[in-house]
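So the protein sequences, as listed, match chains A and B. Position 396 of the first sequence, counted from 1, bears residue number 396 in full-length UniProt numbering, the numbering being contiguous throughout. Position 677 of the second sequence, counted from 1, bears residue number 677 in full-length UniProt numbering, the numbering being contiguous throughout.
Keep in mind that the hints were calculated from the coordinates and are not lab data. Treat the numbers as computed from the prediction; the structure is a model and nothing was measured. One or more hints might be untrue.
The list treats identical chains as interchangeable, and a pair is accepted whether it falls inside one copy or across any two copies.
Unchecked claim - EDC-like cross-link-like pairs, simulated, lysine to aspartate or glutamate; straight-line CA separation at most 16 angstroms:
id : residue 1 : residue 2
1  : 270       : 916
2  : 270       : 152
3  : 273       : 916
4  : 925       : 152
5  : 243       : 185
6  : 325       : 374
7  : 233       : 910
8  : 911       : 267
9  : 396       : 248
10 : 920       : 152
11 : 865       : 853
Number of protein chains: 2
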Amino acid sequence: MTEEAEVSPTSSSDQQAPHFLQDVIFHGKFKLLKALTPEENTLCQHGLYFQDGQRRVDYILTYHVKKLAGGRSGRQSSHVLTENAVARSLRRGPQSFGEHFRLHQAQRARNSSSLPSSPVADVELGCPGETFNGQEDHKMFRRKEFEGKLRDMGLELEKDEDTKIAGVGFVKIHAPWNILCREAELMKLKMPTKKVYEVKQLSGVVEKISSLVSKVVEPLHPHVDEHQPKNFKHLSHTFSREKQHLFDLSDKDDFFDSRTRSSIVFEILKRTKCKAKYSMGITSLLGSGIYTAAYPLHDGDINQESFNDRKLLNDEWANYSVFYKYQPIGLVRKYFGEKIGLYFAWLGLYTQMLIPASVVGVIVFLYGCATVDDNIPSMEICHPKNNITMCPLCDKVCSYWKLSTACATARASHLFDNPATVFFSIFMALWAAMFMEHWKRRQMRLNHEWDLTGFEDEEEALKDHPRAEYEFRVMQKSLSKDKKSHHKIEKLTCQDRLPAYMTNVVMMLLMIGVTFAIVFGVILYRISTKAALHMSSNPVTRSHVQLTVKTTAAIINLVVILILDEVYGAVARWLTVLEVPKTDKSFEERLIFKTFILKFVNAFTPIIYIAFFRGRLVGRPGSYLYVFESYRMEECTHGGCLMELCIQLSITMLGKQLIQNNLFEIGVPKLKKLIRYIRSKQGAFQEEERQKKLQRYEADHFLEPFAGLTPEYMEMIIQFGFVTLFVASFPLAPLFALLNNIIEIRLDAKKFVTELRRPVAARAKDIGIWYNLLRGVANVAVIINAFVISFTSDFIPRMVYQYMYSPDGSMHGFVNNTLSYFNVSHFQEGKEPMDPLYLGYTVEMCRYKDYREPPWSTTPYEISKEFWAVLAVRLAFVIVFQNVVMLMSDIVDWLIPDIPKDIILQIHKEKILLVDLFLKEEQGKICVLESRASTGGKENCSRSSSSNNNNNNNNNSTTAPPGSGLHTNSTKSL
Amino acid sequence: MTEEAEVSPTSSSDQQAPHFLQDVIFHGKFKLLKALTPEENTLCQHGLYFQDGQRRVDYILTYHVKKLAGGRSGRQSSHVLTENAVARSLRRGPQSFGEHFRLHQAQRARNSSSLPSSPVADVELGCPGETFNGQEDHKMFRRKEFEGKLRDMGLELEKDEDTKIAGVGFVKIHAPWNILCREAELMKLKMPTKKVYEVKQLSGVVEKISSLVSKVVEPLHPHVDEHQPKNFKHLSHTFSREKQHLFDLSDKDDFFDSRTRSSIVFEILKRTKCKAKYSMGITSLLGSGIYTAAYPLHDGDINQESFNDRKLLNDEWANYSVFYKYQPIGLVRKYFGEKIGLYFAWLGLYTQMLIPASVVGVIVFLYGCATVDDNIPSMEICHPKNNITMCPLCDKVCSYWKLSTACATARASHLFDNPATVFFSIFMALWAAMFMEHWKRRQMRLNHEWDLTGFEDEEEALKDHPRAEYEFRVMQKSLSKDKKSHHKIEKLTCQDRLPAYMTNVVMMLLMIGVTFAIVFGVILYRISTKAALHMSSNPVTRSHVQLTVKTTAAIINLVVILILDEVYGAVARWLTVLEVPKTDKSFEERLIFKTFILKFVNAFTPIIYIAFFRGRLVGRPGSYLYVFESYRMEECTHGGCLMELCIQLSITMLGKQLIQNNLFEIGVPKLKKLIRYIRSKQGAFQEEERQKKLQRYEADHFLEPFAGLTPEYMEMIIQFGFVTLFVASFPLAPLFALLNNIIEIRLDAKKFVTELRRPVAARAKDIGIWYNLLRGVANVAVIINAFVISFTSDFIPRMVYQYMYSPDGSMHGFVNNTLSYFNVSHFQEGKEPMDPLYLGYTVEMCRYKDYREPPWSTTPYEISKEFWAVLAVRLAFVIVFQNVVMLMSDIVDWLIPDIPKDIILQIHKEKILLVDLFLKEEQGKICVLESRASTGGKENCSRSSSSNNNNNNNNNSTTAPPGSGLHTNSTKSL
């Protein structure tokens with residue numbers, strides 16, 4: 001009946017007349033009352049409840065509405081919908097009826113007063129004077145069908161088209177108690193029962209220590225009062241209407257909290273399908289613009305005086321002033337759901353784990369600083385007596401130079417290239433393994449606390465709904481093939497996707513190629529600039545060549561990385577859309593995979609170049625390697641490339657974090673606010689005021705939609721890469737990551753609490769693909785660190801020298817040993833220095849860093865035996881390091897149980913308690929049944945079920961006497 | 001009442017008198033009838049059912065009984081127990097009553113006839129004339145308490161002490177329908193519902209291919225008719241009494257099959273505790289000898305004519321004649337439970353996967369055979385013109401020898417040392433990864449088929465019951481500490497376990513030390529025997545030195561391995577018992593861990609020695625390395641050690657399999673049978689006859705108890721080690737493993753079907769720790785194969801020669817290149833050959849296999865540059881091989897989804913169907929309720945729930961008209 005009214009708005013007005021009249025009366029009365037109540041509070045109530053003030057709004061759908069025409073039809077439908085509520089309140093009695101009346105009236109009043117408000121979000125709205133066109137008509141029809149189906153599913157709806165935001169209609173959805181129960185049962189939600197049990201306390205010394213620790217960390221806990229005492233826990237059980245008596249249903253409004261309610265409604269929305277040309281779910285409806293948005297409501301305003309979870313989160317979590325505290329993860333989960341809760345728990349654990357890593361990193365760095373003066377190789381280099389003449393660093397313009405001029409670099413190199421670094425990279429590999437293990441344990445603990453144990457396949461199903469784009473493509477395909485074959489096409493085959501896959505592969509390779517090209521370009525820039533600057537006549541320029549070139553190149557690299565990061569993000573998304581993955585889960589995974597590869601390649605290619613390729617493809621004096629036949633390949637400075645790697649790493653990491661986080665994430669919003677402030681000065685003060693008076697659902701409509709956790713995780717995983725991958729060359733990385741993350745947590749928290757629409761709570765037991773990526777990064781880190789230590793640093797040559805070649809077993813003579821001889825008469829034609837007397841004397845032999853035979857051997861300039869020996873030791877070190885560290889990680893993995901022991905005990909205890917509970921109940925039921933059957937006897941039945949009777953006086957169950965058991969509430973209520 | 005009768009047997013006889021009389025009447029009548037029915041069938045019925053012939057025996061407990069005294073009390077209690085059944089059959093009506101009567105009577109008749117049977121299993125029984133002593137009294141008291149508790153839990157018990165096996169009393173346990181339902185609900189068993197759905201068929205070309213394939217493999221399927229058509233599947237749902245209407249309960253006797261029934265009873269047994277000094281569960285009772293055994297019954301006899309699952313399994317599975325067929329895994333699972341089903345499924349998949357591996361292995365071997373004549377190094381060695389004089393192989397007694405005499409060995413070496421081997425070991429690494437992945441998929445598929453999806457923590461709880469030994473130790477501890485402290489001791493601390501842990505560590509190290517010592521002993525045997533034989537004057541002995549020594553050493557090794565295998569198995573068990581692990585699961589894991597380490601070390605130490613140490617610590621001519629200052633370390637023959645590795649491997653593997661499997665597992669039982677046959681000739685034929693007439697539970701009592709799957713898995717995992725670890729040196733390993741496993745499957749099957757008591761069905765989703773061990777072995781295999789290829793084989797030196805040193809890029813000159821020069825004048829005093837003219841000419845320079853500088857260089861006999869170069873390349877190969885293969889394995893892992901696609905689709909479909917089912921039911925209920933509330937209207941309610949109404953004529957649920965819905969059976973039955 002009501003449906004038809006909406007289909008033909010012109011003809012339905014007559015039919016609707018009685019209701020309409022009723023409405024008018026309600027509205028009038030409401031207006032009266034509204035003037036008497038405090039405005040703020042009512043407004044709040046308004047936003048969060050239906051117009052009867054009783055039914056919570058659990059979900060909002062929005063759609064475009066034609067302003068003029070919509071004004072009438074909207075109002076109409078709103079009335080039609082509320083008719084139900086009226087009927088209900090009539091049944092409830094006169095008091096409730098009056099209340100509803102008042103509310104409705106107020107709504108009418110507000111509606112009319114807000115009519116001249118400015119249009120805010122109707123950019124897509126056509127000419128206001130235009131009448132219904134076919135498109136709009138079609139959309140409205142679909143909406144009506146969909147809403148009809150929702151009502152069939154038992155949801156209650158209320159429409160509101162005359163909002164302050166012109167052009168946007170709202171459908172408010174409420175799930176009544178019955179529906180909530182039904183869905184909770186279907187979703188197998190675990191809910192706390194009335195049964196409370198004591199969590200076993202530790203005993204003896206352990207207890208004292210733990211209580212001491214908890215006292216010490218007390219100020220670090222956020223002021224979020226958990227409602228139940230710590231030592232007691234509610235037994236949880238899958239919700240079931242047949243077992244309703246187990247649960248504390250005294251407050252039916254709060255039994256399911258707002259998060260659960262909205263996810264239940266969302267579950268129904270996903271299940272409901274329109275039968276158009278193809279089956280359309282809510283995702284398709286959103287995708288095709290029939291609805292414009294779908295979101296649950298925030299619990300309240302953060303600036304509001306009354307208490308709500310959002311405000312609490314804002315004060316105790318999304319606040320820089322509490323940066324040193326633990327996060328209120330329980331509350332975060334309660335408000336945002338398990339998936340987001342897990343993200344913040346993970347981020348928190350990661351940040352915590354960074355503390356020991358940065359402490360050790362700083363110690364390693366300080367050790368380097370302290371031992372820099374005892375380092376024999378750098379002492380030898382710096383010693384003025386050691387007058388080694390080195391071969392020129394570039395052709396023609398450069399001349400011979402003295403090794404002692406590289407003193408500063410050699411000393412600086414020692415900071416990052418000392419034995420402590422080897423220890424540190426082993427430490428960090430184990431740290432990563434520990435982190436993984438701890439996360440598994442934390443995850444298990446949270447799973448237990450959040451009653452997720454046992455929930456498994458539901459998670460899969462949650463994401464298994466086909467995406468709108470996929471359904472659309474399938475429909476397109478079946479339409480185009482309809483004539484040829486008769487059987488319905490239900491999926492896309494590989495053939496359909498082949499073009500997209502090809503594009504993907506090509507684009508990915510192209511993008512990676514672009515990265516390589518850019519890195520190569522920067523190399524060329526460095527080589528050519530260096531050559532050019534060397535040729536400069538200005539001595540100041542020439543003396544600062546190294547510094548200028550390195551810094552500018554690093555900055556160019558950074559800028560390129562930052563730009564490409566954004567570009568690659570967009571490209572990855574575009575490629576994934578091209579692929580048309582079937583489900584949201586698959587879409588997410590493919591997107592993550594592509595983004596991960598591109599961003600990783602982007603961030604780490606320049607670094608990998610410096611670590612493993614730079615200075616290796618140089619050739620030797622007399623036969624250098626040339627790029628484009630004119631540029632000699634770069635060499636590293638004397639201390640090895642580790643120093644340069646360190647500079648590049650720190651600039652990339654710090655730059656990325658500072659610019660991406662602080663500039664983009666903090667700066668841009670601040671700037672926007674500033675602009676808004678400047679505007680509001682000249683503009684109108686009422687804009688702000690109007691904002692305040694917005695309904696909750698209107699206010700939330702202004703917020704950004706939640707776009708998934710992918711960017712947050714991605715940022716963190718790349719940071720994890722910086723912390724672990726090249727940690728052998730930059731022990732301060734964990735410290736910088738720690739500092740960044742302390743800000744990051746609160747930044748993300750602020751975003752979720754204040755800037756985003758409330759996300760639908762999603763259940764998740766783990767962080768999914770991210771864990772695998774972390775594991776992958778940690779594994780790659782072991783190999784890369786092995787190579788950095790053995791190939792980039794001078795650790796192995798030093799060891800080899802000390803134990804194989806040193807005459808006295810010390811490092812004395814190491815520098816001399818690493819330098820080969822070159823007879824300057826062997827320079828190629830035109831490559832010899834133009835100023836051979838630069839050092840003030842004639843040079844016959846110059847030295848260069850390589851293991852080659854001297855000019856006087858039978859095979860001059862051939863690779864020497866020492867080279868092979870050092871290479872063999874280097875490779876052996878890689879094998880040993882990799883396998884030992886992997887083995888140690890596996891041992892850590894194996895030693896630390898995945899499930900904390902106390903959780904195992906608790907789970908076991910809960911299981912026993914539950915079985916006990918059910919068995920007692922059972923006994924009770926049988927007693928009742930039998931007391932009805934046989935009317936004799938007064939013996940207490942519950943005794944036979946209690947386990948402490950030692951008198952062996954039990955009865956066979958068949959002849960059990962009747963009794964009043966524990967059976968309290970086994971009647972079935974539907 | 002009945003309880004008290006048992007507590008005081010002397011006083012209860014009066015009380016029991018009426019029942020006793022009743023019994024006598026029953027028995028008399030039964031005897032009459034029994035004479036008319038075929039004996040066999042009744043006997044079967046007897047064993048499998050209570051004496052009333054109605055109630056199935058679901059579980060058996062046995063205990064020791066005093067023969068004389070027990071005779072009376074036993075009979076009595078048996079009657080007491082059946083009283084219930086009588087009462088029930090009386091209630092059921094006269095017909096059933098008569099039946100019960102007959103059965104009971106027959107039992108009595110049989111009892112009296114079997115009295116003079118010989119005692120078979122009462123070795124532990126004391127003097128038969130002895131009266132009750134305290135110990136026995138105590139045990140009986142405990143039993144009575146325990147049985148009382150079982151009856152409280154709702155189980156029905158029947159005792160039988162006058163069996164053919166004197167001294168053994170049987171408690172037969174039956175779980176009535178109510179109890180089964182209750183426990184199924186508690187255990188969250190998934191049962192098939194009435195709802196059947198069609199499994200989607202493949203379409204198009206894929207369908208045709210799959211149907212073709214299934215036609216081809218049709219004869220490979222066992223003749224086990226699955227009851228339902230293949231394309232349909234029953235929807236499963238967790239059993240719940242409230243949802244009883246979902247299930248097909250038409251045949252309540254068969255709804256829960258015998259496996260489920262026995263596991264339900266076992267679950268109750270585990271949960272029931274006696275309150276003695278300490279809480280005693282069934283494990284404690286068994287441990288302390290209060291009960292002697294606990295087992296469920298087999299379904300019937302294998303030689304019986306009537307149909308039963310055991311017979312079917314015996315015919316279609318435990319039979320060598322069907323070795324080429326698939327296993328009837330579904331039936332195995334139905335009979336033995338999921339855990340054993342998974343073992344056989346795993347074994348089957350492993351065997352299947354060995355087929356391609358052995359095919360490729362044989363091809364690789366044949367490739368070696370085919371190319372042996374094209375192999376340049378062996379050609380060069382065999383060429384008579386190449387007259388290289390080699391240094392003597394031992395001091396003094398040996399003389400110089402010509403390289404061409406090593407021709408045969410060089411040719412044989414090529415069979416296993418060719419480039420195809422490298423390919424094969426990469427192939428096998430990927431094969432192992434594929435095997436893992438396929439197993440994961442198979443496991444998922446079985447999980448789905450067996451309705452295990454969603455079952456998770458139950459598995460843990462199943463094994464979480466403390467072991468009897470643990471409880472005993474805790475009790476001991478609390479008794480000893482009772483005086484000091486008051487709080488109850490509930491667990492063993494680390495301190496209590498420290499001695500056991502220390503013993504463990506020491507013993508493990510000792511055992512590993514023993515293995516090493518034995519390997520070293522064998523080396524010494526080889527060296528000394530070789531030296532002794534060389535000194536022998538008999539030329540025949542001298543010519544066969546190599547062969548004699550190698551073969552005897554390998555056989556000694558094999559024998560030692562076989563003996564130590566048994567010893568280590570016992571030691572590991574003893575050590576684990578010492579540790580007193582808390583739960584069965586923990587016991588099993590610790591035992592497996594220890595056994596695995598010891599057996600692996602035992603099996604692979606000699607092989608690892610040959611692969612990586614032999615021939616490397618030899619020294620060089622003029623400065624050999626000596627053991628005990630007189631024995632020179634062993635060298636390998638010229639073709640490298642790969643040949644010897646291959647011999648050792650094949651002897652160990654084949655010997656282990658042939659002797660352990662065929663001799664121990666097949667031979668010993670056959671021998672026993674033979675002995676029994678010889679005995680029966682002289683003894684008595686009636687022994688056999690008597691066996692046949694045994695009750696089912698008596699017959700099963702004679703079988704071996706089931707001792708876990710650990711030995712079976714362990715055998716297979718060590719075989720897996722042989723197949724993967726050194727596969728680079730022995731490509732035929734998979735073939736031998738395949739041949740062994742084809743026998744192994746049927747052998748194990750026979751054991752389970754005919755020789756073991758039926759194990760309690762245990763639910764398991766996976767093969768647990770074994771999967772991790774397999775993974776570990778596969779990972780280690782990658783590294784070991786990398787080392788075998790690069791260090792044991794000559795692959796790398798050949799490559800290095802070909803690409804770095806060869807003048808023409810071919811292998812010509814390789815043999816010469818690998819041999820260093822030695823000036824015979826540099827021999828140490830007294831070590832030079834006694835017969836320097838053995839070859840007929842004076843030798844000035846001899847050659848030896850090593851990369852060292854020639855005597856004329858500036859650093860004679862120093863390690864040469866080539867050595868380092870080859871070493872570097874070898875190490876580089878290891879790094880590349882390991883990482884590439886691991887990466888490829890990871891890619892295989894990632895490419896093959898863990899869950900097969902069709903299973904995902906099915907799970908999803910089932911979920912949707914279930915939700916639909918419940919929603920429809922829901923709608924039905926609402927309709928009924930409302931039709932009761934408002935008595936008007938006849939509109940059909942089901943229409944609003946069906947989803948195909950396009951007329952948009954839906955009603956709000958609040959005003960839904962009444963109707964007769966789909967609601968069929970929503971009344972609650974308890």
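Verification of the hints:
In the homo-oligomer, the alpha carbons of residue 270 and residue 916 lie at most 16 angstroms apart only across protomers (14 angstroms), although the nearest pairing inside one protomer, at 38 angstroms, exceeds that limit. For the identical chains of this complex, residue 270 and residue 152 are intra-copy neighbours only, at 14 angstroms inside a copy versus 48 angstroms across copies, given an alpha-carbon limit of 16 angstroms. In this assembly of identical chains, residue 273 and residue 916 lie within 16 angstroms of each other by CA distance solely across copies; the values are 13 angstroms between and 43 angstroms within a copy. With identical chains, the CA atoms of residue 925 and residue 152 are at most 16 angstroms apart between copies only, with a shortest distance of 15 angstroms across copies and 36 angstroms within one.
Taking CA atoms no more than 16 angstroms apart as the test, residue 243 paired with residue 185 passes in both settings, with 10 angstroms inside one copy and 13 angstroms between copies. When the C-alpha separation of residue 325 and residue 374 is checked against a cutoff of 16 angstroms, the pair qualifies neither within a copy, at 42 angstroms, nor between copies, at 75 angstroms. Proximity of residue 233 and residue 910 under a CA criterion of 16 angstroms is satisfied intra-copy only: 10 angstroms inside one chain copy versus 35 angstroms between copies. With identical chains, the CA atoms of residue 911 and residue 267 are at most 16 angstroms apart between copies only, with a shortest distance of 13 angstroms across copies and 29 angstroms within one.
Taking the shortest Cα distances, residue 396 and residue 248 never come within 16 angstroms of each other, neither inside one copy (89 angstroms) nor across copies (95 angstroms). Taking CA atoms no more than 16 angstroms apart as the test, residue 920 paired with residue 152 passes between copies only; the shortest distance there is 12 angstroms, against 39 angstroms inside one copy. Taking the shortest alpha-carbon separations for residue 865 and residue 853, both the intra-copy value of 9 angstroms and the inter-copy value of 12 angstroms come in at or below 16 angstroms.
Violated hints, in rising order: 6, 9; the structure is consistent with all others.
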